[in-house]
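Participant: In order, the protein sequence lines correspond to chains A and B. To convert, note that position 386 of the first sequence is 386 in our numbering; the numbers rise steadily by one, no gaps. To convert, note that position 804 of the second sequence is 804 in our numbering; the numbers rise steadily by one, no gaps.
By construction, these hints were calculated from the structure, which means they are not laboratory data. In this text the structure is predicted, and so the values were computed from the model without any measurement. Check before you lean on any hint, since a few could be wrong.
Copies of the same chain are indistinguishable here, so a pair counts whether it falls within one copy or spans any two.
[Claimed, not checked] The calculated lysine-lysine pairs, modelled on DSSO-like cross-linking and capped at a C-alpha distance of 30 Å, are:
{"no.": "1", "residue 1": "Lys809", "residue 2": "Lys746"}
{"no.": "2", "residue 1": "Lys782", "residue 2": "Lys69"}
{"no.": "3", "residue 1": "Lys681", "residue 2": "Lys809"}
{"no.": "4", "residue 1": "Lys171", "residue 2": "Lys352"}
{"no.": "5", "residue 1": "Lys681", "residue 2": "Lys173"}
{"no.": "6", "residue 1": "Lys842", "residue 2": "Lys782"}
2 protein chains.
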Amino acid sequence: MSNYDYVYMFDCDTEALAAKLAEESRELKDLLGGKGSNLCLMTGNGIPVPQGFVVTTDVCNEYVEGGHKLPDGLEDAVGQAIGRLEEIAGKKFGDPGNPLLLSVRSGAKFSMPGMMDTVLNLGMNDEVAAGMVKLFGDERFVYDAYRRFVMMFGDVVMGVERSKFDECFNKVKAEEGVSDDTKVSAAGLKKVVELEKEVYRAELGEDFPSDPMEQLMDGVRAVFGSWDNPRAISYRNIHKLPHDLGTAVNVQMMVFGNMGDDCGTGVAFTRDPATGEKVMYGDYLVNAQGEDVVAGTRTPVAISELEDAMPEIYAEFVDICDSLEDFYRNMQDVEFTVEKGKLWMLQTSDGKRTAAAAIKIANDLHEEGLIDKAGAVKLVEPDQLDQLLHPQFDISKKPEAVGTGVAASPGAAAGKVVFTAEHAVEAAAEGERVVLVRHETSPEDIAGMAAAQGILTVFGGKTSHAAVVGRQMGKPCVVGCGAIELDFANARFTIGGQTVQEGDYISIDGASGEVMLGDVETADSEIIAVRKGNMKPEESAVYTQFTNIMDWADDIRTMGVRTNADTPDDAALAVALGAEGIGLTRTEHMFFGEDRIINFQRMITSDSDEEMQAAADVLEQYQKDDFYGILKAMDGMPVIIRLLDPPLHEFLPHDPEDQAELAEMTGKTPAQVADLVENMKESNPMLGHRGCRLGVTFPIIYKMQIRAIFDAACQLKKEGFNPIPEVMIPLVSLEGELRICTEYTKDVAAEVMAEAGVEVDYMIGTMIELPRACMVADNIAKMTEFFSFGTNDLTQTAFGFSRDDVEGKFIPAYIAQGVLQISPFESIDINGVGALLAHGTKLGREANPNLEVGICGEHGGEPKSVEFCHNVGLDYVSCSPLRVPIARLAAARAELANPR
Amino acid sequence: MSNYDYVYMFDCDTEALAAKLAEESRELKDLLGGKGSNLCLMTGNGIPVPQGFVVTTDVCNEYVEGGHKLPDGLEDAVGQAIGRLEEIAGKKFGDPGNPLLLSVRSGAKFSMPGMMDTVLNLGMNDEVAAGMVKLFGDERFVYDAYRRFVMMFGDVVMGVERSKFDECFNKVKAEEGVSDDTKVSAAGLKKVVELEKEVYRAELGEDFPSDPMEQLMDGVRAVFGSWDNPRAISYRNIHKLPHDLGTAVNVQMMVFGNMGDDCGTGVAFTRDPATGEKVMYGDYLVNAQGEDVVAGTRTPVAISELEDAMPEIYAEFVDICDSLEDFYRNMQDVEFTVEKGKLWMLQTSDGKRTAAAAIKIANDLHEEGLIDKAGAVKLVEPDQLDQLLHPQFDISKKPEAVGTGVAASPGAAAGKVVFTAEHAVEAAAEGERVVLVRHETSPEDIAGMAAAQGILTVFGGKTSHAAVVGRQMGKPCVVGCGAIELDFANARFTIGGQTVQEGDYISIDGASGEVMLGDVETADSEIIAVRKGNMKPEESAVYTQFTNIMDWADDIRTMGVRTNADTPDDAALAVALGAEGIGLTRTEHMFFGEDRIINFQRMITSDSDEEMQAAADVLEQYQKDDFYGILKAMDGMPVIIRLLDPPLHEFLPHDPEDQAELAEMTGKTPAQVADLVENMKESNPMLGHRGCRLGVTFPIIYKMQIRAIFDAACQLKKEGFNPIPEVMIPLVSLEGELRICTEYTKDVAAEVMAEAGVEVDYMIGTMIELPRACMVADNIAKMTEFFSFGTNDLTQTAFGFSRDDVEGKFIPAYIAQGVLQISPFESIDINGVGALLAHGTKLGREANPNLEVGICGEHGGEPKSVEFCHNVGLDYVSCSPLRVPIARLAAARAELANPR
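Turn these sequences into a full structure, and let the hints guide you.
Facilitator: Okay, structure coming up:
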């Protein structure tokens, strides 16, 4: 099945192996796992590593696909490797006279909790133990190792509950009247081994295996089996990792950090993973094995203290760490053991770090000459940048959460609870900070959402209305917090047993989903503070580091980054964060102002064209102001303005009071208005009378918007600005829709420019957001100047998923069952939606080589989706302002991975 | 631009021209139009035709594309043709001494009302008129021809209102005190000409053109312009004709049927177009021009009377008709004129006919040896068969309609009005015929719809719930009858000023959309009567003719035809009509029986798996009976059974009474039930929690259905039948959905068959009805045995059109504006939905060469869609029972047009 040997020794020829793998576009760690390839590489670099061998990930995949059966010949290969290892170590596996003990560890390409970790001291049995006592003379040490091995093997390999083994140890400790592990006698430890073996027999119905080779093959089987366990699967789902990578098994000769005070073990980062500072960072424990450090039963000391305790060892360790950083050109996370004064490196891997650390380390390694700018860009994960941009709680002052919802829009918000959009607006007008709490939000809540510090809803998922608008506004938002019992009638809710009244303070963390009681302090991130001019650049190291990375990313990337922004403020923030234009200005939110909504309602409920036109004329002034502000903020940059998109029904008044007001204004009876509202209801509004369908059936509305756009642009032009409006027609499925709307757009534009006596550069384009549009993109492209893929709607229609309905209802179940790895609303579905997008792009470009193609769905700010857009050859992505840096970085990394 | 001359004389070499056109896959009539090519062909066959020439359709397209400008060189070409015509006729255009007069007529590939028809006597002016008086000595005749010409030219060519010219004539008639046109004096007619010219000048601001060539070119321009007029566009939309065919112009020398009693004119069919009988059928008028026959100002006599009046002419005419039928191998619709004892054929074309006539003529022509079986199949339009299958009103007894709605499901129904499904069921139980009248129907009305003779709704379009279910049930159905004002509270409605109480009789015609008061008599069509055994085959000529055509179609077609049927009765009817299996059994309607619905509700509102399973166990027995009946009716034929598809919400009780009943049964409070119902609501249910999404999240429901299917099949097998169940998993978008559902389907099937101790042949397949499924059809095909394209849902998602919402709201506007030619729910959208279907089929077949691919959307019974399915290579189409013959015939015709 595989082109490779089942097993590789650590001292194998990694260069030859890497070259062979490269022909299949695989890397060393694809075959050997991260841990395994690093052990081989360290060996090759002369670093003291306890020798051993790797069973490859290919074997794991064969094991999984073959219905959990080890492939024929594996045991022979492992036997041969053991033979080689015996030669290297000068010891023999299972030989009481000179026994070789092993550690067995999993090691996938990406480090992954949930998989089987480690079995130590494998190869131990009664005879070996007796032989070791003769050899080392330390009976306590030997039986301690033995009892650990039986427990780990029983627990980790065979799945017996660990507590059952702990009881054996506790029983003996009680008998001996000691509480400290290290105080138990050798005889006591020997007894623990016997008791554990009894547990093993009782639980599994068979004797503890004394054959070392049987132990080893069971261990290998357990590692491979753990690849498939639910925790591992769910980890891969959460981290968007594929399920077919497989894990390798690392078999390594044991070294002992617990043979006395000239022994010890530790873990360390080569730099501070929280701040990125260049200091050795980690823990060390004298006379201990690795698990003691992790288990926390004994308190380790800081790694720096090793310098005093064993200066030579420490110096050697620091040298090795430096050489590892030189080799890997990255900050490392290492494990080591000192056995009787000799340093052994057990493991090294790239260390995880915070965003702040990531940008500092990338800057520092660049300065140290270890990496070039591209290397620096590769060292920062785009997703992490979120942490640096959104306002944050001071972690030291953050109280415990009373509930947790879905983290929908990052950032920290605190304020008084309000339950209606109106109250939010009122309170904000009085200078109050408020958090808007709703069952779920609707477009009528927009003004309230804008006025609030943050939004908290009981229902909804990551792409519910609240979430989408929250992200769009850069507003912290927690949705789907089911722990809230909302008592709307009494203006209060309960959560975690506590009752919160309207006016009480709460705080929400949109990055974690946490809901906290009280007014927790928040602040703009440094980068935003500088960008807003509230802090000087030179005062902020993180700002400088961030700016460097962004500049380098911009030098590298070949795809443009625009923003989705509906207001001049959003637009300005996005430009400050590097946006090169607006990819989407929605015009629907603009109609929710007090004076506007009633005129909008008048327009769409009018009985005649004249009446409709009269209402449209009023709205035109407002719209002109909207567009004036945005075009001015984006002076000299393209601004795509999408004509009205949502179903008209969303704008209609639903409560009797508002209906009465509209009735009075329009001379209808309240019953007539109620009827009208009822008649405009749709069974599936997402698939109803909206987008350019409005443009075809009610051209007055679109013409009003177009006139406002060109009026604003002409005025700016006269004032010496350089507005570049780009009119976008949404939801086109049929060529005729685009033809009709494009024709009158041109007519109105020409008319307005002739009246004003100035010429404005503009374009007309269309959203591609329906599968049919992708299939006839060639016809569409001939009629238009740009495509902007609306991947939210395209995902909805390609899957037949209403995001309002499915995210809460069955997408979580789908992820749990492995049907989906991630919501397709979060990261673009490459095989389906992506295939439609690629098909549409190809057809469109073939028919119109000058066609500009971008994406303005929310995927435009998600790194994997950005990478896909780069690979398909889009001209730009567009995303919400705070995601612009993420998109810039992701685009640069995509270019590095797959140069255009 | 075109590869052809602008102009062809009637005596051109049609064979050479046809051969050249064939190389471009064009026919003679593509270039010359239907009328023009027939005139050329008649000329070639030695039939007496007034000579002339054709300006091609290519010129028309150049004219339209060039912004209504005649191409350079056309006038020269026309001038040369006139020269040739002058030679043939021995007269000269505009020469008072021997004038050539012309008729100018449009002639597109398909005959098309709305386009400019005819201008006669072109070439007339004062000098010519005077010359003609000298030549013929008949001043009355000449000035009658002149005044007709000025009127037609002014009206038809220049667009002056015809009534303005009529006034001139009426004025003179009044002055002379006569009422009969033929009594006006020659001087009077001369005066009419002068008055008409004044009108012309007043209306158009210029003199009536006296230059014959100017008249002719204006005429040509007018014909081309009329191709684009709104009536013509809308005709093409209605008849699904492309807009780029263009029309030809036929210029022909005039012959006169109005020069005395040895003159006349007539129209005739070579066979009876109502019955198909082989008798000459038509009208004749002595001393008249063609327009007099059409205008109805004088009453024509039956064509047979010509035999007495002019026996030689009649004999010649009959001979010519016979030779035309021989030549065209079809019944002809001809126009002719007798000028002073000489017969001229003016036009011939294939005659329109009723369905009954179509099948009789096809049979007769076959018997006469004129056509083979394929030829007979080509002579019957599949759409027409509807007329022969649905019950019909006796046309002589049908009263006038009081209102008209959308003709949604053909057939005639009469019965007492009921307003609720319950009343329908009760009344039907007492043997009453009822018509169910609703605002609109929902799945809860199913039982009532089944019990009713017909369904009438106030709202909804051709694919509303009532329409879809009506067609499915073969139930006459009129929807969207907005003229009804329903007063539900008082159990009555008003329509056309009349009030109808519950219990009053009404009648509806689902083929015409008519609503009539009273109990109009209806009867099964003969074919259905024979198929049901209520009439002997030998008693029904139409049955025999129909059966012949169907048999011949079956011999020809290469694509299978199945039916969509949910009951044994439907299945049996479909088999009698030629279905070769079931392509879709829906299982949702089955749950609406009294006992069933409450258990279904219990199942979907249960709090635990145990409770759900208990309810499912009860339903399983019902389902087994359902499947037993259908599989038995379809013994030996494949039966595709679709697992539950609609959103669960549709099954829940919405009124408090029903909610209380469910509460009592389940031990919940009514408020809890109401909450549950509310929680299960979705904003866009069409894109929500339905189809296989239920199969993944509530496997108990699907497993119950699967068990019932295989239980029924095993029992039948034991009883000696040969059931072939095929389990279909709906709404798959993700590979994992299919994997999960397929796995347990196999498990349950194996389990049931093992229990029963018999083996049943079965298949597992999936609906392909979401764009994503089409894009990943290769992955899906590897996991499954068949695809069935659900083009209803695929159309909804490809377009983003909710058919419930868009059909009434904007599709009519789209058709009116030329954005759509026809609703994509009616005839498959080939470029978009069709492209997805073709893509999915290609990917699927490549990945799994044994994949069976069919279609079960409603398009499966629509001829154009059937043709498309044939062309894409599908294995079968599936449609409602009464459309099975239509699909068989359409499939045969598709094979003839494009052999596999």
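Participant: None of the hints should be skipped; say for each whether it holds.
Facilitator: Taking the hints in turn, this is what the structure says about them:
{"no.": "1", "hint": "Lys809 - Lys746", "result": "between (44 Å within a copy, 27 Å between copies)"}
{"no.": "2", "hint": "Lys782 - Lys69", "result": "between (57 Å within a copy, 24 Å between copies)"}
{"no.": "3", "hint": "Lys681 - Lys809", "result": "both (23 Å within a copy, 11 Å between copies)"}
{"no.": "4", "hint": "Lys171 - Lys352", "result": "neither (40 Å within a copy, 102 Å between copies)"}
{"no.": "5", "hint": "Lys681 - Lys173", "result": "neither (74 Å within a copy, 61 Å between copies)"}
{"no.": "6", "hint": "Lys842 - Lys782", "result": "both (13 Å within a copy, 27 Å between copies)"}
The structure does not agree with the numbered hints 4 and 5 stated previously, though it agrees with the rest.
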